[in-house]
Amino acid sequence: AAWAPDPAAAAGLVESGVPHLYAGVVEGLGLVGPLVVPGGSACAGCLELRASEEDPARPRLLAQLRSGRSSGVPACDTALATTVAGLTALHALAFLDGGVPVSVGARTRLSLAGLDTAVQRVEPHPRCPCSRARGPEGGRADRTTPTSQGRPERGAHV
Numbered sequence: 091a092a093w094a095p096d097p098a099a100a101a102g103l104v105e106s107g108v109p110h111l112y113a114g115v116v117e118g119l120g121l122v123g124p125l126v127v128p129g130g131s132a133c134a135g136c137l138e139l140r141a142s143e144e145d146p147a148r149p150r151l152l153a154q155l156r157s158g159r160s161s162g163v164p165a166c167d168t169a170l171a172t173t174v175a176g177l178t179a180l181h182a183l184a185f186l187d188g189g190v191p192v193s194v195g196a197r198t199r200l201s202l203a204g205l206d207t208a209v210q211r212v213e214p215h216p217r218c219p220c221s222r223a224r225g226p227e228g229g230r231a232d233r234t235t236p237t238s239q240g241r242p243e244r245g246a247h248v
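Residue numbers (this note's numbering): 91 to 248.
Treat the hints as calculated values from the structure; they're not laboratory data. Keep in mind that the hints are not guaranteed to be accurate.
As the list claims (entries may be wrong) - Computed spacing ranges between beta-carbons, pair by pair:
no., residue 1, residue 2, range
1, Glu105, Thr168, 31 to 37 Å
2, Ala98, Glu143, 15 to 21 Å
3, Arg211, Ser106, 22 to 28 Å
4, Ala153, Glu117, 17 to 23 Å
5, Pro216, Ala169, 35 to 41 Å
6, Ala153, Gln210, 32 to 38 Å
7, Thr168, Arg199, 15 to 21 Å
8, Ala99, Leu183, 20 to 26 Å
9, Ser157, Pro216, 26 to 32 Å
Treat the numbers as computed from the prediction; the structure is a model and nothing was measured. Beta carbons: idealized from backbone N, C-alpha and C, even for Gly.
Using the sequences and the accompanying hints, generate a full structural model.
Structure (structure tokens):
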């Protein structure tokens with residue numbers, strides 16, 4: 091689900107040091123981020139661990155959602171989906187051009203219910219495997235640091 095990305099689906103990207111950006115729409119809620127820079131920012135596992143600490147029933151809910159018994163594509167608003175797609179492209183292109191969009195270490199929520207947006211910080215979780223790739227100061231590990239021109243290493247995908 092867009093609001094709860096599966097860390098297992100991106101484990102290979104994190105282990106390989108490939109940056110990736112989460113985005114999606116579920117009914118009237120759009121989400122962009124986090125943009126995961128392995129060794130330099132939080133990942134889907136960090137999101138899941140923090141959310142599970144706040145809601146002990148969350149792992150059971152996620153198991154049901156990820157069971158594969160879903161029927162069809164979840165409903166979403168077309169205008170919201172278009173907005174999320176554009177915002178996602180904007181964040182990806184900014185990153186590829188050497189910038190650091192707000193989605194690195196955060197996720198933006200767009201809600202039709204209240205016609206509002208909010209940015210939620212996403213901090214690395216100390217129990218998440220991605221934390222092992224972080225440097226001793228909590229910064230980026232050498233293998234994932236962008237090149238001196240501020241661009242991601244060759245072959246990075248978003």
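Here's how the hints hold up against the structure:
no.: 1; hint: Glu105 to Thr168: 31 to 37 Å; verdict: holds (36 Å)
no.: 2; hint: Ala98 to Glu143: 15 to 21 Å; verdict: holds (19 Å)
no.: 3; hint: Arg211 to Ser106: 22 to 28 Å; verdict: holds (25 Å)
no.: 4; hint: Ala153 to Glu117: 17 to 23 Å; verdict: holds (21 Å)
no.: 5; hint: Pro216 to Ala169: 35 to 41 Å; verdict: holds (39 Å)
no.: 6; hint: Ala153 to Gln210: 32 to 38 Å; verdict: violated (23 Å)
no.: 7; hint: Thr168 to Arg199: 15 to 21 Å; verdict: holds (18 Å)
no.: 8; hint: Ala99 to Leu183: 20 to 26 Å; verdict: holds (23 Å)
no.: 9; hint: Ser157 to Pro216: 26 to 32 Å; verdict: holds (29 Å)
In this structure, only the earlier hint numbered 6 is contradicted, and the remaining ones agree with it.
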